[in-house]
Amino acid sequence: MGVAAVARQGRVDLVLVALVLVVVAQVGRILFPVMFEIGEDWDFIAAGIVALAVFAAPIVALPFARFDRSVALIAGSTAAGTAFLVAQFLEPIPAAAAMALVAVALAGGALVIARLDGGPARGWFVFAVLLGLALDVAIRAISHTWDLAWQTGSLPRLAGVVLVVGMLAAAVVAGDERASRDGVLRPVALVVAGAIAAIELLFLANVGFVSSQADLSFAPASAVVLTGLLVAVLLLTVAPRPPWPGWLTATVAVAAIAVAWILPTVTGAVAALLVVALQVAVGVLFFVVVGQRSAATACPRRAIGGAAGGSVLFLMIVLLWQLHIDQPLPFPRQAVPALAVAVIALPALRSSISDTWHVDAELRAVVVSIAALVVAVPAWLWVTSVDPADHVVETPELRLVSYNVRGAVDIDGQLRPDRVIDEIRTSNPHVVVLQEVGRGWPIHGTIDLLVYLSHELDMEYLFAPAADGQFGNAILSSLPMDELASGRLPKDGAQERSYLMVELTTSTGPVTVVDTHLQTRSVVQVAALLDAVGGRTPVVVAGDMNIQPTDPEVALFTDVGLIDVVGATGDPCRTTSAEPTSSCNRPDWVFVSPDIALGTVRIGDTIASDHLAIHASLSPG
1 MGVAAVARQG RVDLVLVALV LVVVAQVGRI LFPVMFEIGE DWDFIAAGIV
51 ALAVFAAPIV ALPFARFDRS VALIAGSTAA GTAFLVAQFL EPIPAAAAMA
101 LVAVALAGGA LVIARLDGGP ARGWFVFAVL LGLALDVAIR AISHTWDLAW
151 QTGSLPRLAG VVLVVGMLAA AVVAGDERAS RDGVLRPVAL VVAGAIAAIE
201 LLFLANVGFV SSQADLSFAP ASAVVLTGLL VAVLLLTVAP RPPWPGWLTA
251 TVAVAAIAVA WILPTVTGAV AALLVVALQV AVGVLFFVVV GQRSAATACP
301 RRAIGGAAGG SVLFLMIVLL WQLHIDQPLP FPRQAVPALA VAVIALPALR
351 SSISDTWHVD AELRAVVVSI AALVVAVPAW LWVTSVDPAD HVVETPELRL
401 VSYNVRGAVD IDGQLRPDRV IDEIRTSNPH VVVLQEVGRG WPIHGTIDLL
451 VYLSHELDME YLFAPAADGQ FGNAILSSLP MDELASGRLP KDGAQERSYL
501 MVELTTSTGP VTVVDTHLQT RSVVQVAALL DAVGGRTPVV VAGDMNIQPT
551 DPEVALFTDV GLIDVVGATG DPCRTTSAEP TSSCNRPDWV FVSPDIALGT
601 VRIGDTIASD HLAIHASLSP G
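Using the working numbering, read the sequence shown as starting at 1 and increasing by one per residue.
In short, the hints are calculated from the structure, not lab data. Cβ atoms here follow ideal geometry from the backbone N, Cα and C, with glycine treated the same way. Take these hints with a grain of salt, some might be off.
To be verified - Each pair of labels, with its calculated beta carbon distance range: (1) 94 x 605: 20 to 30 Å; (2) 376 x 485: 36 to 46 Å; (3) 369 x 142: 10 to 20 Å; (4) 425 x 387: 16 to 26 Å; (5) 495 x 157: 32 to 42 Å; (6) 248 x 482: 48 to 58 Å; (7) 331 x 158: 41 to 51 Å; (8) 537 x 376: 43 to 53 Å; (9) 503 x 428: 17 to 27 Å; (10) 215 x 66: 50 to 60 Å.
Make the full structure from the sequences, and use the hints.
Here it is in structure tokens:
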């Protein structure tokens with residue numbers, strides 16, 4: 001094929017790969033909440049082994065690798081698209097079905113990639129991956145990070161159908177094009193792609209991570225993520241045939257590993273800048289790996305093997321990061337992203353790229369057009385966003401909900417933030433006190449739950465990170481709210497805990513509200529919490545205390561004059577666990593100072609978590 005034909009083929013395959021990546025990513029994220037629930041019921045090690053088996057599914061595509069190119073592209077796209085649509089229309093998604101759908105999507109995606117054209121110019125594949133990631137972020141931004149694959153409304157399902165139809169159309173067109181047989185992607189490039197997928201999922205394309213780490217609202221956080229992706233794409237697009245001496249590749253590699261090491265530990269504007277910088281570095285290194293010369297004979301079966309290796313590597317990196325939060329591992333947690341970037345960087349150091357960095361004008365136009373379309377999403381969100389309106393309650397009643405939401409993952413492993421909202425809205429609260437709020441956690445489907453709830457409830461929020469910083473306690477309020485204090489509690493277990501203290505403005509004066517999530521029966525954490533509260537009054541102390549009504553730790557609260565609102569208005573053993581139980585199981589508590597009168601107190605019945613919500617009507621003195 002001539003240069004023009006190669007460029008034309010690259011444009012067609014670019015669109016196909018970008019759409020396949022979006023579909024596979026949407027389906028793949030389904031597995032994490034499901035496996036989280038399985039891990040809770042079984043064992044996290046066993047759940048991890050099962051997940052690894054699922055992510056090795058590209059191997060299933062091996063028998064189909066010898067299909068004609070057109071048949072393979074259409075078959076792979078059809079498999080991935082079918083898995084996506086079944087996930088959208090299946091409610092609920094059982095664990096076995098989730099595993100099967102993810103396996104089918106991964107195998108279909110691997111088959112497509114194995115039969116792509118590379119020709120002498122393979123750089124288009126990097127553009128396709130980066131633009132696919134950007135498109136995925138843009139689609140998720142429209143629904144505030146809740147994946148289309150989980151949503152059941154008619155509009156999300158219509159959007160899903162349009163996405164799949166577009167992917168199938170691209171597969172048909174790509175199959176009609178002539179393609180060279182000597183440029184199939186090298187297995188090492190696809191293994192590296194797995195490490196890139198991991199670093200993107202955890203950090204670089206994770207709006208929840210950027211929002212919480214850089215302390216940005218949703219629209220600017222989305223803009224930061226997309227800026228990093230698009231800067232990388234545009235930089236590579238406008239620089240055809242660059243000289244890439246070894247020292248430059250080595251410099252970029254060392255800098256990228258160093259940035260990946262410190263990224264989880266920095267906050268504010270520095271975190272946002274490092275996300276963009278690392279995104280560019282990863283894009284450059286990936287381009288070098290993809291563009292390397294290879295004497296190996298093209299083999300779609302080897303490409304599928306590389307895709308399987310990359311898929312398993314992706315999951316191992318993600319699991320290491322997630323395990324490090326709860327399990328003592330023999331290395332610091334920031335070593336995980338550094339390791340992922342090292343996997344990308346090391347193959348790039350082996351040799352210089354071949355002279356294939358050709359970007360024709362038409363390909364550049366395609367890239368720029370897609371980039372402009374994608375970047376319009378956060379711009380639109382920014383322009384149309386309206387800050388929630390604060391108002392002072394005109395009556396002495398203060399309606400409060402305290403809820404351990406478990407990242408909106410219910411006891412069947414379903415990611416249903418809409419049910420969390422339905423439960424909260426039943427009492428039309430002025431303030432919502434939440435625990436286990438995930439902000440981009442893989443096991444919570446990478447949803448930024450706080451941003452989603454804030455948008456849907458039209459409430460402002462404050463957040464106190466725990467664990468790795470993308471998980472913690474939050475308070476949402478329709479009242480004027482100021483943060484008084486927040487911080488980590490003394491570590492008394494595998495996972496770090498935190499508290500958040502705010503002051504609400506009501507018609508009767510200021511009220512202090514404290515939110516926390518404690519380790520099971522932790523005297524030291526209770527003592528630290530009460531010390532932080534001091535003698536503030538009127539005060540509400542709420543959250544998942546992980547104590548039972550018969551535990552002596554309850555006396556630590558009552559001895560300072562606090563009143564248990566559940567016990568004071570009925571049976572203190574009313575359960576707040578969503579799991580079936582025949583005994584008292586109330587880890588969730590709302591304590592108030594004596595100058596707050598009690599009204600109605602009830603326990604919710606919506607199963608959107610492994611806890612039930614406490615609804616309380618209070619009248620501060």
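Hints, verified against the model:
At about 23 Å, the CB distance of residue 94 to residue 605 agrees with the hint of 20 to 30 Å. Between residue 376 and residue 485 the beta carbons are some 40 Å apart, a value that agrees with the proposed interval 36 to 46 Å. Between residue 369 and residue 142 the C-beta distance comes to about 19 Å, which sits within the given range of 10 to 20 Å. Distance hint for residue 425 and residue 387: a CB-CB separation of about 20 Å, consistent with the stated range 16 to 26 Å.
Between residue 495 and residue 157 the CB atoms are about 37 Å apart, so this pair conforms to the stated range of 32 to 42 Å. Roughly 50 Å separates the CB atoms of residue 248 and residue 482, a value that falls within the hinted 48 to 58 Å. In this structure the hint that residue 331 and residue 158 lie 41 to 51 Å apart at CB holds, the actual value being about 46 Å. Checked against the hint of 43 to 53 Å, the pair residue 537 and residue 376 passes, with Cβ atoms roughly 50 Å apart.
Range check, residue 503 to residue 428: about 22 Å between beta-carbon atoms, so the 17 to 27 Å window is met. Separation of residue 215 from residue 66 is about 53 Å and conforms to the stated range, judged on CB atoms against 50 to 60 Å.
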